[in-house]
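Protein chains in written order, with this note's numbering: chain E, 220 to 761; chain D, 58 to 178.
Think of the hints as simulated: they come from the structure by calculation, not from any bench. If you're wondering where the values come from, they're calculated on a predicted model, not measured in any experiment. Ideal Cβ positions, reconstructed from N, Cα and C, are used throughout, including at glycine. Please note that a few of the clues may not be correct.
Said to hold, decoys possible - With the C-beta cut set under 7 angstroms, the calculated list includes, among others, these residues of chain D facing chain E: (1) E158; (2) K162; (3) P166.
Stated by the list, open to error - Pulled from the structure, derived: some chain D residues nowhere near chain E, Cβ distances all over 12 angstroms: (4) K60; (5) Y70; (6) V78; (7) E81; (8) S127; (9) F164.
In case you want the letters, here they are:
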Amino acid sequence: MKSLGITAKLVLHSAWILTGLGATVTLYSVSQLWGSLYREMVRRVEAQTLNWIEANTLQISLSGDSQTLDRLVGELKRREGIAYVVLLDAEGRQQAAIAVRQGLAEEQRATEGSDNRMRWREMKDADGLRYFELAVSILASGTGMSPDLGTLFGAAAKTPTWGEVRVGVDRLEFERGVSALVRKNVALAAVLIFLAIGLSFVFAKRMVTPITLMGRAANQIAAGNLSERVQRGDHLKDEVGDLVRNFNRMALRLEENREEMNLLYSGLEEKVRERTKELEQANRKLKELDQLKSDFLSTVSHELRTPLTSIKAYAEILLDSPHLEPGTESHFLGIIDKETDRMSRLISDLLNLAKIESGTASWMMNHFDLREIVRTSAAVLAPSAAEKGIELKVDISEPRPVWADADRVQEVITNLIGNGVKFCSHGGRIEVKLERATTSGPHSGLAGDYVRVAVTDNGPGIQPDERERVFEKFYQSAKNRSAGSGSGLGLAISKEIVLHHKGEIWLDSKPGVGSSFYFTLPLQPPQGAVQTRASESAGREA
Amino acid sequence: MPKKVLVCDDELYILEAVGHVVREEGYGVLTAENGEDALRLVRAELPDLIVLDVSMPQKDGNAVCRELKSDPATREIHIIVLTAKGQERDMAESYKCGADEYMTKPFSPRALRKRLHELLD
């Protein structure tokens, strides 16, 4: 059940109070009014009667004839507010009367009037109509004494009374006059009460409106509309004004907090999106790596099967064919021998590369004379070059030592010269140059002190689209495969070794003219590298 | 007139070994080192059987197989695929291209001899 609103309650309460107060005041004023009107009526009737007695005592006591008395009584009767008049003699016999009602009887005992000659009582006639009746004794004529003097002189001086006059006042008429006034009073009071209730409604409404609006605003805020404010009553300098202002301040804080939260939330969302993107990228990369790994494994398997196939095939042929020509037999055995070497080279290259790539390879970093390494490598390959009639020339213009792993650098140089020997035809020419460089190379082009090793041949050259691919694992040009000797890993290993030294490796080539392979090594170790030297050496020994 | 067998492989030692086995069994031998050469040679010589590697530079074995099997002139030539690719899906791929036999490397010359006779005699 919905209870009454504050406005209704306030108005109802003030209506109760106002009506109660108004009724009390009205009742009181009505009783006061009745009293004063009654007193005024008493005074008027007494004065009129006394005035009549005074004027007519002589005539009444002297003439005594009924005609005169009737005339005098009639005269009194005509005066204002008098309903009937009765004139009685000393013995109580009615001498004259006018407009006396039938069955008039005393209803309430007499009370004294303004002096002891007068008394008032209430009368009721046969019809039940009520009257106030004033009885005044009339003194005998000629004495001229006041009644007080009469008592002073005792019985002898006792003034004889002629009789008395009774004057009736219509109570109903009197009360009609009173009630007319009372009605006016009550009407005025009622008008005032209604006015007061109306005003109290206006004031209550004015006071309650901000509270009602606040209720609605609170509802809106609860529904999520935090920009809602109470527009009325914030200028009031009372509790309601305080309430409205505090309410609006609270709403503002809530709105600000939500905005802050939204900002934080959107920032968070952005972060989550970014993180997700990063994770997706990482995942993609992992998948790519996984694919690369699986491709690599299948390539390795293929590469290992190739020499194994030759070994198996020739071994079985030799077993099954006891009557081969001696030349063929030793040729086949030679192939088995070569393919076994190729397979073992492949396995050691694979292990070597795997170690370097996984970072588990140990490096014997040191300052050493690169000239020695170049000369040694050239010397190692000189016989096979000479066998093919290839001229091998070494040109050194940089004497300073480099910071590197000597064995691995030698591996790189040997590999490059070996490739030259492999691809140059008879009468070819290979030149190994050791010179100074001021940048790391064409890829990252870092400035610094470098040495550059260049191995140039006048072999068949490399097609432009193969220049990067030759450094990939197992990438072999058609020609190389036909040569059937390489592991397909030499340049891949060389690249890993050079990159580990923070150098670069690249090539220039003109198909039909020849190729130049270059690599650079820094002269100085990178910051902090010298300190790790001891542990690296220890690792390698272990 | 002896039946002719074309051997195609980019590994020269394997080419030589297979050629030796074929010759020992009494068939004539043709050799090719890549797919393009093989196709040319097949159309010129119309051999009775081909021993074909899959991983080769220029046109691979499966492509050669497909071309020969879709050409009415060469459709009847038996093809033995001899490859280092040993996974099931590789074998399925080769059979789909029309190979008659599938042998993986390392292979047994004894088994190859048997297959040659099964297909040619």
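**Study point:** Hints not upheld, ascending by number
**Key:** Failing hints, ascending: 1, 5, 6, 7 and 9.
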